[in-house]
Amino acid sequence: MAIFSFPEIKNNAIIEIGKHLMLTAQTAPKGRGVDLLEILLITGDDIIKLSDEMKLISIEKSVEFFRRDAENILKAAAIMIISSPVKSLGLKYCGMCGFENCAAKEKFPETPCVFNTIDLGIAISSVVAKAGALGIDNRIMYTIGMAAKKMKICKPEQSIILGIPLSAEAKNPFFDRH
259 MAIFSFPEIK NNAIIEIGKH LMLTAQTAPK GRGVDLLEIL LITGDDIIKL SDEMKLISIE
319 KSVEFFRRDA ENILKAAAIM IISSPVKSLG LKYCGMCGFE NCAAKEKFPE TPCVFNTIDL
379 GIAISSVVAK AGALGIDNRI MYTIGMAAKK MKICKPEQSI ILGIPLSAEA KNPFFDRH
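Here the sequence shown is numbered in the working numbering, starting from 259 and rising by one per residue.
Mixed in with the good hints there might be a few duds.
Calculated pairs, PhoX-like style, for lysine-lysine (alpha carbon to alpha carbon, straight line, at most 20 angstroms) [stated by the list, open to error]:
1) Lys410 with Lys313
2) Lys410 with Lys345
3) Lys345 with Lys277
4) Lys319 with Lys413
5) Lys333 with Lys429
6) Lys288 with Lys307
7) Lys345 with Lys288
8) Lys388 with Lys319
9) Lys307 with Lys407
Don't read these hints as lab results, they were simulated from the structure.
With the hints as constraints, model all of the structure from the sequences given.
Printed below as a string of structure tokens:
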């Protein structure tokens, strides 16, 4: 028989749950069944590097909330990164992006396909709902995504990037807004 205290198991448990949450993101519905998402889990020193990059962005761009978020994520045992490209799905009839069809949209490769952002949103929502149900503190942060993009953590074609820090504290540390 073994006896574990919460501080002893906390980080490993959060990382294991983070791995399960990656499955949740992967199995979330995708437009036309086309999977364009990249799903990563960051831990340890890589969280510190991400935080440092967020602090640099705060200084370079004069956006204070990047520094605030950079401090908040240091309380995470793991951070999930979910990203999508802006690639169209090749539909002959859609126009939801503002262009007549996917062929017309492809002339503007930096314009996102709405299905990419919808798929990303469904995956992110699935992850945070399950994390919450499992008692894991979390928050969706675009600031993490911007730093991950600058650090080239994701594949080059992945240009829409969001991050979800994961923790288990008496109070969710990602909602502390000073």
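Here is how each hint holds up against the structure:
no.	hint	result
1	Lys410 with Lys313	holds, 16 angstroms
2	Lys410 with Lys345	holds, 18 angstroms
3	Lys345 with Lys277	violated, 27 angstroms
4	Lys319 with Lys413	violated, 24 angstroms
5	Lys333 with Lys429	holds, 11 angstroms
6	Lys288 with Lys307	violated, 31 angstroms
7	Lys345 with Lys288	holds, 14 angstroms
8	Lys388 with Lys319	violated, 34 angstroms
9	Lys307 with Lys407	holds, 13 angstroms
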